Each structure stands twice: as structure tokens, then as C-alpha cells.
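Engineer: What follows is each chain in one-letter form.
2 protein chains.
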Amino acid sequence: MINKLVEKIKKTNAPIVVGLDPMLNYIPEHIQKAAFAEYGETLEGAAEAMWQFNKGIVDATCDLIPAVKPQIAMYEQFGIEGLKVFKKTVDYCKSKGLIVIGDIKRGDIGSTSAAYAVGHLGSVQVGSKSYLPFDEDFATVNPYLGSDGVKPFAEVCKEHKKGLFILVKTSNPSSGEFQDQLVDGRPLYELVGEKVAQWGEELMGDEYSYIGAVVGATYPEMGKVLRKVMPKSFILVPGYGAQGGKGADLVHFFDENGLGAIVNSSRGIIAAYKQEKYASFGAENYADASRQAVLDMVADINGALENRE
Amino acid sequence: MINKLVEKIKKTNAPIVVGLDPMLNYIPEHIQKAAFAEYGETLEGAAEAMWQFNKGIVDATCDLIPAVKPQIAMYEQFGIEGLKVFKKTVDYCKSKGLIVIGDIKRGDIGSTSAAYAVGHLGSVQVGSKSYLPFDEDFATVNPYLGSDGVKPFAEVCKEHKKGLFILVKTSNPSSGEFQDQLVDGRPLYELVGEKVAQWGEELMGDEYSYIGAVVGATYPEMGKVLRKVMPKSFILVPGYGAQGGKGADLVHFFDENGLGAIVNSSRGIIAAYKQEKYASFGAENYADASRQAVLDMVADINGALENRE
Numbered sequence: 001m002i003n004k005l006v007e008k009i010k011k012t013n014a015p016i017v018v019g020l021d022p023m024l025n026y027i028p029e030h031i032q033k034a035a036f037a038e039y040g041e042t043l044e045g046a047a048e049a050m051w052q053f054n055k056g057i058v059d060a061t062c063d064l065i066p067a068v069k070p071q072i073a074m075y076e077q078f079g080i081e082g083l084k085v086f087k088k089t090v091d092y093c094k095s096k097g098l099i100v101i102g103d104i105k106r107g108d109i110g111s112t113s114a115a116y117a118v119g120h121l122g123s124v125q126v127g128s129k130s131y132l133p134f135d136e137d138f139a140t141v142n143p144y145l146g147s148d149g150v151k152p153f154a155e156v157c158k159e160h161k162k163g164l165f166i167l168v169k170t171s172n173p174s175s176g177e178f179q180d181q182l183v184d185g186r187p188l189y190e191l192v193g194e195k196v197a198q199w200g201e202e203l204m205g206d207e208y209s210y211i212g213a214v215v216g217a218t219y220p221e222m223g224k225v226l227r228k229v230m231p232k233s234f235i236l237v238p239g240y241g242a243q244g245g246k247g248a249d250l251v252h253f254f255d256e257n258g259l260g261a262i263v264n265s266s267r268g269i270i271a272a273y274k275q276e277k278y279a280s281f282g283a284e285n286y287a288d289a290s291r292q293a294v295l296d297m298v299a300d301i302n303g304a305l306e307n308r309e
Numbered sequence: 001m002i003n004k005l006v007e008k009i010k011k012t013n014a015p016i017v018v019g020l021d022p023m024l025n026y027i028p029e030h031i032q033k034a035a036f037a038e039y040g041e042t043l044e045g046a047a048e049a050m051w052q053f054n055k056g057i058v059d060a061t062c063d064l065i066p067a068v069k070p071q072i073a074m075y076e077q078f079g080i081e082g083l084k085v086f087k088k089t090v091d092y093c094k095s096k097g098l099i100v101i102g103d104i105k106r107g108d109i110g111s112t113s114a115a116y117a118v119g120h121l122g123s124v125q126v127g128s129k130s131y132l133p134f135d136e137d138f139a140t141v142n143p144y145l146g147s148d149g150v151k152p153f154a155e156v157c158k159e160h161k162k163g164l165f166i167l168v169k170t171s172n173p174s175s176g177e178f179q180d181q182l183v184d185g186r187p188l189y190e191l192v193g194e195k196v197a198q199w200g201e202e203l204m205g206d207e208y209s210y211i212g213a214v215v216g217a218t219y220p221e222m223g224k225v226l227r228k229v230m231p232k233s234f235i236l237v238p239g240y241g242a243q244g245g246k247g248a249d250l251v252h253f254f255d256e257n258g259l260g261a262i263v264n265s266s267r268g269i270i271a272a273y274k275q276e277k278y279a280s281f282g283a284e285n286y287a288d289a290s291r292q293a294v295l296d297m298v299a300d301i302n303g304a305l306e307n308r309e
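The listed protein sequences correspond, in order, to chains A and B.
So for the first sequence, the working numbering puts the first residue at 1; every next one is plus one.
So for the second sequence, the working numbering puts the first residue at 1; every next one is plus one.
To be clear, the hints were calculated from the coordinates, so they are not data collected in a lab.
Keep in mind the model is a prediction, meaning the values are calculated, not measured.
It cannot be assumed that every hint is accurate.
Same chains, same names: a pair is fine if it fits in one copy or spans any two.
Here are the computed lysine to any residue pairs in the SDA-like style, where the Cα-Cα straight-line distance is at most 20 Å [claimed, not checked]: (1) Lys158 / Tyr131; (2) Lys151 / Pro173; (3) Lys33 / Gly56; (4) Lys11 / Glu155; (5) Lys274 / Asn285; (6) Lys232 / Gly303; (7) Lys33 / Gln125.
Please build the complete structure, drawing on both the sequences and the hints.
Structural biologist: Laid out in C-alpha cells, this is it:
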């Protein structure tokens, strides 16, 4: 799947991923109204609104981008109905040729990690039959529990040719509370980065490993270091746009080939119509605003990559 | 909810929690057969088998125990059908007066953490209505992202009188890879423990905080230290039984009142009928074997508490 991701990035010339994190207050009123008219102000109604909103954005951007990253929390907050739409979104995006990174940040140990892995990336056995429950292409994983937590995921990735992005340095302001603590003079995130490189060595695709890392756009200097610590790991970079990261900050996450990183934007793309810059599209044409925001983001990042020293 | 947990522990005189982690190979053949006869070898069939299995164990043990801890991964691996049974299990246990600790190990930042929190512990707004999607009483949370990840959960706990158990030192062999790294001469888990104590100070129940910690039974010496670092935090202790922890190892997790800790056993209780010790019950009477295993576990732990110096 990492080979397919690289191929799609080359083909679209867009090292970006659109975060499908549909908070209800991002969803235009006309979509909410239609969904509530059909299902009432229920969990099902909220889920239907998310689905219609997602579908509009996917249809308007799928020719421009290699991948999407649905954040499962935004669906899980509406319970079972929300999770049904998570699954529907995964399936729809794949039918449009997009690679799906499930932003699930799961992490446990042994058979429990294995259960998450088969549920999201692999197949589960029921008697003589097997099923693909969620079937994302990649998943994000939390490393706090160590190798015991990551290896069951890695095994499923090997079998099903799927991939992981392990949290190394997250984009939030307080990420340093634990991640930046110095261990023998080096921050913890570097140690985690080294482990990611090590786990990844055993699971190589053509150019990059099946096992990548998450490093926040808001910490470009750390990105520079981590790029070297994990030379074969793709870096998923959240925090662009709404969280403050800019194209020029991102060049160090990429390698000399201009590859090796994929930058996520969620709110900045899916709620673009709410920004002054794209307000002229209007809420009815929110998906066109998202398309324009994708084009602008790709131009920003590719421009920065061309101009780097 | 922490007050209710303390009260239930005193009433049952059982500082234990039963982990409802129904792997298919724990479920007796007669239950699987009946479920597959009704729904086929499908995800729905697997989910039905889990449900019937859980129901049997809950019915056979609910008068003896204060709480259960369903591990969501075991349900999530069967997709939507599995998650429906997770919810059904939560509701059923609550109807039996049990406190439900959702072992979900979620953790993200800002609005995403808030989404998990409302989904699992709080209520979500849909237009003018609000809903309680999963409605567990406690949830486990991963601290790797720092305060930004924990605070949205804490806010929901405050509003809905729910609680958290934050991963501090996990029970698995490789937990030390990151958690034991020395920061200024002290292991990272101590720093995390200090943060748990600090987060918890702002959210106190009568005797203990709404914010507790997870510390593995397999590391009793660390439990001793962490008990002092977090004097007001309840400690959820996994790793008893199948993972190697024994009653005598656990006394240091408790405070001088014999409270402050709750010990989890999953496989050791729910698959007790598979152990030689309980084999005479037979698979048909698996729930009676679980009941006996609960009685034995309570006697082991209370005995150790009585005999401690």
C-alpha cells in the first residue's frame, strides 16, 4: 500500500491528504436540514448529514488528491450510526480510487492490538469464513505501549499489504509534556522515531517502509531531525493550515526527492467555505470551495518544495 | 462515579473488575453453534455469540463484583456488528447495577479528544436534542499527547460525573521501552503519574479523584512508588492471573485503608472453564466456572491484603 501511495502522489503531484473530520458545525445548513427532515434530529440524522457532506467533498476533490484521512472520533461520537458512516466513507473513498488513512490512534497490547489490527486493516475469522470489517489502507497507532503494541499491527500489515503511521511528535501545544522529555540528552520523540525506523526495516516496500510516522507541521525543526532518524519512513504531517503550519515550514519533512511526506489538512479544506478567502463560494457550493482550497494547498507546498535551498 | 465505585467495592468487599474481552476461542462451542445456526458464520453471528457469552457471565457474577471492563477492541474487530454488542453489553451491565469501565485507550487532541469523550462518557448534541452514544461510566485514556489530550475528557467527566483511568505503566513486557526511560533520573511513568495526580486534583470526589491511573500488576515495585505519587488516584490494575500477577504482588497498589485499587482479570475469569482447576464445570457451565474464579480471586486478594505487614 505504501508503493501505491507513492505512485498516487507522483500521479497527482499532490503530497497531501484531506482530513474527513466532519464536525456538525462545519456542515452547511442545507445539508443538515435535509438530513434532519428525513431522519429527525437523531444520531442517524447527524450521521446522514456527515455522509452527504463527505460525499460532496470527495466528489469535488478525488481527482486532485491521493488520499483521505477520516478521523474516526468524529464518527464515533455519534455512536453506532456515526461508525456506520465512517465505514461508508471508507468504502466510498476507495471506490473513487483514493487511499484511506484511518486516523484511529489505537494502541494496546498483544491479542488486543491484534484485534484492532484485524478490525481496521485485516480480516477477521468467523468459523470457516473471513471478513474485512473496516478495511482501511493505513491506520495511525499510538506507541506508548512499546513494541508489544505495534508488532501485532505490523503483522497484519505484512499479510494484507497495509500500512501504519506511528505517532512520534504530535502537532498540539502540549505534545512536549512527555514527547520532548530528554532521555540521555535526546528527546523521547527521537527514541520513538528510532523505533519506528527499526520496526519499519522489517517491512519495506519499494522505496519506503510500510511503517511511517506522524510528525506535526507545527514543529518543523523536529521534522528536520526526524527525517534523518527515519530515512525510509513516510511522514504524515498534521497541523497544516488551521493549526498554524505553512508550506515553507514543511520542506524539511520531505526528502531530497521531494517525497517521503504527506501533509494533512482537515478544517482548512473541508470547512474552506467558512474562511473569508473562500466565502464567495457560499455554503451551497462548499465542495467547490474545498476544491479550490486543495489547489491552493498543493500550490503552496509544491512552491515551497521548488524554492527550497 | 468514583464515589459510586468506592461504595460498590465496599459493599461487595471485592476490589476487582471482570474484563469482558470475549475472544471467539473463549466462547463455548454450544454458544457459537447456536449463534451461527441463527445468523450463519457472519459478523452478526460472531457478535451474537459474544453477547450470549457475556450475558451468561454477567448473570453469574453480577452480585459478587462492583464493575466490569469490556475491551472495545474485541468488539471492534467484528466491525459495526461487534460494536453494537459492545453497546448492548454496556447497557446490560448497567441495568444489573454494575459500573462499566470502557477499556477504549483513546487519546487525541482538542476537538478530537472531546469527540471521543462525548461519544463514550458524555452526551452529543444533534440540533436541539442530545444523546448518550455509548455511555460508559469510566474510560481508559492514553497520555502520550499530553494535557491537550486529557483535558477534553476531564471536562466531560466533570459535567457528567464520569471518570478516567490514564495509562501510566502498562502490564506488557515491552512497556518499559518508552515508559521506563529515565528523565532527570526518574522514569517517564513517574512523570506521567505526577501529571495524573495534578489533573486529578481539579476533579475530586469524596475520597478519590475522578481521574485514576492504569498500572500493571506485573510491576509491583513500580506500583508501590506510583501509589505514593498519586495518593488520590484510584489505580486500575491489569495483568492479574493470566499475565502473571498474583494477590501478594498487589498489596502495594492499595492504600492503608485497603482501597484505592481495583484489579482486573479477563481471561482468568471469563475463560476459567478452560483451566484445569475449573475444568470439572464443563463448557456448558462456563458461567459457573467464572463465578468460582471470581470467588477465588477475591479471596486471594483480600487474603493478601489481610496478611500484609
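Engineer: The structure should be examined with respect to each hint, and the outcome stated for every one.
Structural biologist: How the hints compare with the structure:
Taking the closest pair of Cα atoms, Lys158 and Tyr131 come within 20 Å of each other only inside a single copy of the chain (17 Å); across copies the shortest separation is 40 Å, beyond that limit. With identical chains, the CA atoms of Lys151 and Pro173 are at most 20 Å apart between copies only, with a shortest distance of 13 Å across copies and 29 Å within one. Taking the closest pair of Cα atoms, Lys33 and Gly56 come within 20 Å of each other only inside a single copy of the chain (16 Å); across copies the shortest separation is 44 Å, beyond that limit. Taking the closest pair of Cα atoms, Lys11 and Glu155 never come within 20 Å of each other, the shortest separation being 29 Å inside a single copy and 45 Å across copies.
When the C-alpha separation of Lys274 and Asn285 is checked against a cutoff of 20 Å, the pair qualifies only within one copy, where the shortest distance is 11 Å, while the shortest distance between copies is 60 Å. Taking the shortest Cα distances, Lys232 and Gly303 never come within 20 Å of each other, neither inside one copy (24 Å) nor across copies (54 Å). Proximity of Lys33 to Gln125 under the C-alpha cut-off of 20 Å is restricted to the inter-copy arrangement: shortest distance 15 Å between copies versus 41 Å within a copy.
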